[in-house]
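The letter at position 65 of the sequence shown is residue 64 when you use numbering that gives the first Met the number 0, and the numbering goes up by one with no holes.
Treat the hints with caution; some may be incorrect.
Unchecked claim - Cut-off 30 Å, straight-line C-alpha distance, at most; resulting in silico cross-link-like pairs (DSSO-like, lysine-lysine):
{"hint": "1", "residue 1": "LYS173", "residue 2": "LYS99"}
{"hint": "2", "residue 1": "LYS111", "residue 2": "LYS173"}
{"hint": "3", "residue 1": "LYS35", "residue 2": "LYS111"}
{"hint": "4", "residue 1": "LYS99", "residue 2": "LYS35"}
{"hint": "5", "residue 1": "LYS116", "residue 2": "LYS173"}
{"hint": "6", "residue 1": "LYS111", "residue 2": "LYS99"}
{"hint": "7", "residue 1": "LYS116", "residue 2": "LYS99"}
Claimed, not checked - FRET-style restraints, in silico, Cβ to Cβ:
{"hint": "8", "residue 1": "GLU120", "residue 2": "PHE23", "range": "21 to 31 Å"}
{"hint": "9", "residue 1": "LEU8", "residue 2": "GLN112", "range": "24 to 34 Å"}
{"hint": "10", "residue 1": "GLY151", "residue 2": "LEU174", "range": "22 to 32 Å"}
{"hint": "11", "residue 1": "THR13", "residue 2": "ALA108", "range": "23 to 33 Å"}
Bear in mind the hints are in silico, worked out from the structure with no lab data behind them.
Heads up, the beta-carbon is just placed ideally off N, CA and C, and yes, glycines get one too.
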Amino acid sequence: MTSSRLPLLLALLTLLMGGVALYFFVRLNRATQELKLARQQVLARDRVIYRQEGARRRAEADAPGRATGADTVKVEPPAAAVFADELGTLTGEQLSDLMKAGLPEDPEAFLKQDLRKHQAELLPAGTMGGTTRVTDARILTRHYVLAAYEDGHTAGHAVLRYDVRGPGQVEWRKLDAGAE
């Protein structure tokens, strides 16, 4: 009698395991959808924050040196310093566009890493046996990068153009480069 129950027991166990697998598959899909929605909300929030920051900076620029108290004056950095800090900061919309084009979660980090992989073919050859390498890269827009480089003897800057050709695929072109 126990041998006749064994196939029934195996069938029930298989059915139970299939149900558990289906349950976890549904939960995984739901979690994936919730994560995608959360990412979209974060990008939307970042866009709002970026716009608010821009409006705040414009308002502060319209009233330079405005007194903040009875005997205090607000000290602001020169416009060139603020510009240099903002140089290479993509907007939330630009980041979203790059991710839609096929770049991973952090497009700026991916582009900088990919640039370092292709630096030998994009930058001038090193002098006196040095190897040219990127020391700093600023992603300016959806298509342009400003890269600082050096080889231990000579330093310079290069303006590069990149185009996203597919998931994780970037095509680079040097537009201009020169030693300092």
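Verification of the supplied hints:
1. With a C-alpha separation of about 24 Å, the suggested pair LYS173 and LYS99 falls inside the 30 Å cut-off, and the hint holds.
2. Under the criterion of a C-alpha separation no larger than 30 Å, the hint pairing LYS111 with LYS173 is consistent with the structure, at around 15 Å.
3. Our distance criterion of 30 Å between C-alpha atoms is met by LYS35 and LYS111, whose separation comes to about 25 Å.
4. A distance of roughly 13 Å separates the Cα atoms of LYS99 and LYS35; the hinted pair therefore holds under the 30 Å criterion.
5. Our distance criterion of 30 Å between C-alpha atoms is met by LYS116 and LYS173, whose separation comes to about 14 Å.
6. For the hint pairing LYS111 with LYS99, the CA-to-CA distance comes to about 18 Å; that is within 30 Å, so the pair holds.
7. Between LYS116 and LYS99 the alpha-carbon distance is near 22 Å, which keeps this suggested pair within the 30 Å criterion.
8. Roughly 46 Å separates the CB atoms of GLU120 and PHE23, a value that falls outside the hinted 21 to 31 Å.
9. For the hinted restraint 24 to 34 Å between LEU8 and GLN112, the CB-CB distance of approximately 54 Å leaves it violated.
10. Range check, GLY151 to LEU174: Cβ separation about 25 Å, and the 22 to 32 Å hint holds.
11. Restraint check, THR13 to ALA108: a C-beta distance of roughly 46 Å breaks the suggested window 23 to 33 Å.
In terms of the numbered hints stated before, the structure departs from hints 8, 9 and 11, listed from lowest to highest.
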